[in-house]
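Residues in the sequence shown are numbered consecutively from 5, following the working numbering.
Simulated from the structure, these hints should not be mistaken for lab results. Hints should not be assumed to be uniformly reliable.
Unchecked claim - Capping the alpha-carbon separation at 30 Å, the derived lysine-lysine pairs in BS3-like fashion look like this:
(1) K214 x K236
(2) K82 x K130
(3) K274 x K174
(4) K74 x K93
(5) K93 x K287
(6) K287 x K24
(7) K274 x K287
(8) K34 x K67
(9) K99 x K41
(10) K130 x K67
(11) K82 x K274
(12) K214 x K24
(13) K130 x K214
(14) K236 x K99
(15) K93 x K41
(16) K82 x K99
(17) K93 x K214
As the list claims (entries may be wrong) - Ranges between beta-carbon positions, derived for each pair:
(18) G194 x E9: 21 to 29 Å
(19) V289 x K214: 30 to 38 Å
(20) S192 x V289: 31 to 39 Å
(21) Y233 x G278: 35 to 43 Å
(22) R331 x P38: 16 to 24 Å
(23) S164 x P260: 18 to 26 Å
(24) D310 x D145: 33 to 41 Å
(25) N30 x E84: 25 to 33 Å
(26) D128 x H79: 14 to 22 Å
(27) I270 x K236: 21 to 29 Å
(28) N215 x I290: 20 to 28 Å
(29) E66 x Y171: 44 to 52 Å
(30) H79 x P38: 23 to 31 Å
(31) Q237 x A304: 14 to 22 Å
The model shown is predicted, which means the values in this text are computed figures rather than measured ones. For every residue, glycine included, the Cβ atom is placed at its ideal position computed from N, Cα and C.
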Amino acid sequence: MNIDEISLDVIIPSYRPGVKFLKLVNGLGKQDHPVNKLIIMNTDEREMSREILDELNRLNEEKSSSLFGKIELHHISKAEFDHAFTRAKGVEYSKAEAFLCMTDDAVPCDERLISELLESLYGDEKIAEAYGRQLPLEDTDYAERFTRDFNYPDTSFIKSESDIEKYGIKTYFASNVCCMYKRDIYDSLGGFSGPAIFNEDMVYAAAVIKNGYKIAYCAEARVLHAHSYTAKQQLKRNFDLGVSQAMHREIFDEVPSEGEGIRLVISTMKYLIGIRKYYLIPKLVIQSGSKFIGYRLGKAYERLPDWMIMKLAMNTSFAKSRLLKSREDKKL
Numbered sequence: 005m006n007i008d009e010i011s012l013d014v015i016i017p018s019y020r021p022g023v024k025f026l027k028l029v030n031g032l033g034k035q036d037h038p039v040n041k042l043i044i045m046n047t048d049e050r051e052m053s054r055e056i057l058d059e060l061n062r063l064n065e066e067k068s069s070s071l072f073g074k075i076e077l078h079h080i081s082k083a084e085f086d087h088a089f090t091r092a093k094g095v096e097y098s099k100a101e102a103f104l105c106m107t108d109d110a111v112p113c114d115e116r117l118i119s120e121l122l123e124s125l126y127g128d129e130k131i132a133e134a135y136g137r138q139l140p141l142e143d144t145d146y147a148e149r150f151t152r153d154f155n156y157p158d159t160s161f162i163k164s165e166s167d168i169e170k171y172g173i174k175t176y177f178a179s180n181v182c183c184m185y186k187r188d189i190y191d192s193l194g195g196f197s198g199p200a201i202f203n204e205d206m207v208y209a210a211a212v213i214k215n216g217y218k219i220a221y222c223a224e225a226r227v228l229h230a231h232s233y234t235a236k237q238q239l240k241r242n243f244d245l246g247v248s249q250a251m252h253r254e255i256f257d258e259v260p261s262e263g264e265g266i267r268l269v270i271s272t273m274k275y276l277i278g279i280r281k282y283y284l285i286p287k288l289v290i291q292s293g294s295k296f297i298g299y300r301l302g303k304a305y306e307r308l309p310d311w312m313i314m315k316l317a318m319n320t321s322f323a324k325s326r327l328l329k330s331r332e333d334k335k336l
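Construct all of the structure, not just a fragment, from the sequences and the given hints.
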């Protein structure tokens with residue numbers, strides 16, 4: 005198949021988008037494979053600054069812009085947001101053969117991002133999705149830099165059901181920070197499964213693998229993306245992760261995540277020792293402990309009181325409107 009002829013839409017959920025978002029949008033406008041439509045699913049219209057809105061309007065209305073007439077901006081409320089619904093709604097606005105999901109803080113490293121992903125995605129008819137490599141920012145700390153290398157190596161590969169013994173839980177790993185999908189396979193598998201407080205990409209990836217399709221990791225498709233979370237933020241983020249896995253026990257109980265997490269911690273500690281950054285080890289221990297505690301509490305969220313769930317959840321709107329409401333409904 006000639007990838008030059010494939011129509012491609014980009015879907016970006018946004019919330020309080022800033023400078024990185026504008027870099028992302030401008031980077032998409034410079035791609036050597038044109039974007040057919042840029043679909044932005046923004047949470048809470050009041051949270052989008054006038055500066056961002058004006059720039060989107062300019063790019064969409066100026067005939068000299070590479071994104072002229074291609075930007076669609078859709079607003080949803082905080083109560084409506086969840087990771088599956090928001091992206092699935094964006095896909096509904098797309099009629100392209102393939103679509104690329106990105107987050108609003110992932111910046112393309114070059115103009116080949118889309119082309120590289122398309123080549124990976126259409127390199128085999130059984131490949132359903134292809135995700136890119138995430139590189140750290142200049143100010144990213146050492147541990148987070150190592151995590152990026154650990155999860156996103158410099159060599160591409162393809163995963164299928166036969167690799168579960170080799171990769172374990174990472175067989176289902178395909179991050180929507182930068183992941184491209186074939187629309188026909190996406191539709192046949194039912195799309196992103198919701199409601200989802202987090203982890204919609206892994207839930208879909210599991211469906212891909214279980215239905216005999218493949219996932220491609222494309223190391224040549226690169227974006228700048230990293231986070232510097234506090235221990236409290238790590239706890240909350242991993243609480244949401246644990247909740248998502250508890251909501252899909254049919255997937256994650258078969259291939260538990262704890263072993264991969266432990267391997268990452270041990271590998272990171274060895275890395276820090278190897279580069280003589282011993283003073284960073286206590287921070288790593290605290291961060292890792294926060295992740296584990298948050299994750300285990302999330303897995304057990306059904307046994308926690310309402311007030312604790314609201315304290316622990318990062319996505320509090322989802323926790324209130326879905327998790328707590330479902331409890332109320334069961335009581336009726």
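Structure-based check of all given hints:
1. K214 x K236: Distance of about 35 Å is beyond 30 Å: violated.
2. K82 x K130: 36 Å, violated
3. K274 x K174: 21 Å, holds
4. K74 x K93: 17 Å, holds
5. K93 x K287: Violated. K93 to K287 sits at ~39 Å, over the 30 Å cutoff.
6. K287 x K24: 27 Å, holds
7. K274 x K287: 14 Å, holds
8. K34 x K67: 15 Å, holds
9. K99 x K41: OK: K99 and K41 at ~9 Å, within 30 Å.
10. K130 x K67: 39 Å, violated
11. K82 x K274: Roughly 41 Å between the alpha carbons, so the hint for K82 and K274 is violated.
12. K214 x K24: 35 Å, violated
13. K130 x K214: 12 Å, holds
14. K236 x K99: At roughly 41 Å apart (the allowed maximum being 30 Å), K99 and K236 break the hint.
15. K93 x K41: 14 Å, holds
16. K82 x K99: 26 Å, holds
17. K93 x K214: 24 Å, holds
18. G194 x E9: 21 to 29 Å: 27 Å, holds
19. V289 x K214: 30 to 38 Å: Since the Cβ atoms of V289 and K214 sit about 36 Å apart, the hinted range of 30 to 38 Å holds.
20. S192 x V289: 31 to 39 Å: 45 Å, violated
21. Y233 x G278: 35 to 43 Å: 24 Å, violated
22. R331 x P38: 16 to 24 Å: At roughly 48 Å between Cβ atoms, P38 and R331 fall outside 16 to 24 Å, so the hint is violated.
23. S164 x P260: 18 to 26 Å: Since S164 and P260 have Cβ atoms about 20 Å apart, the given range 18 to 26 Å holds.
24. D310 x D145: 33 to 41 Å: Since the Cβ atoms of D310 and D145 sit about 35 Å apart, the hinted range of 33 to 41 Å holds.
25. N30 x E84: 25 to 33 Å: 28 Å, holds
26. D128 x H79: 14 to 22 Å: The hinted range 14 to 22 Å is violated for D128 and H79, with Cβ atoms some 38 Å apart.
27. I270 x K236: 21 to 29 Å: Because 24 Å falls inside the window, the suggested range holds.
28. N215 x I290: 20 to 28 Å: The hint (20 to 28 Å, Cβ to Cβ) is violated, given that N215 and I290 are roughly 40 Å apart.
29. E66 x Y171: 44 to 52 Å: This hint holds: roughly 46 Å between Cβ atoms.
30. H79 x P38: 23 to 31 Å: Holds, at about 26 Å.
31. Q237 x A304: 14 to 22 Å: 20 Å, holds
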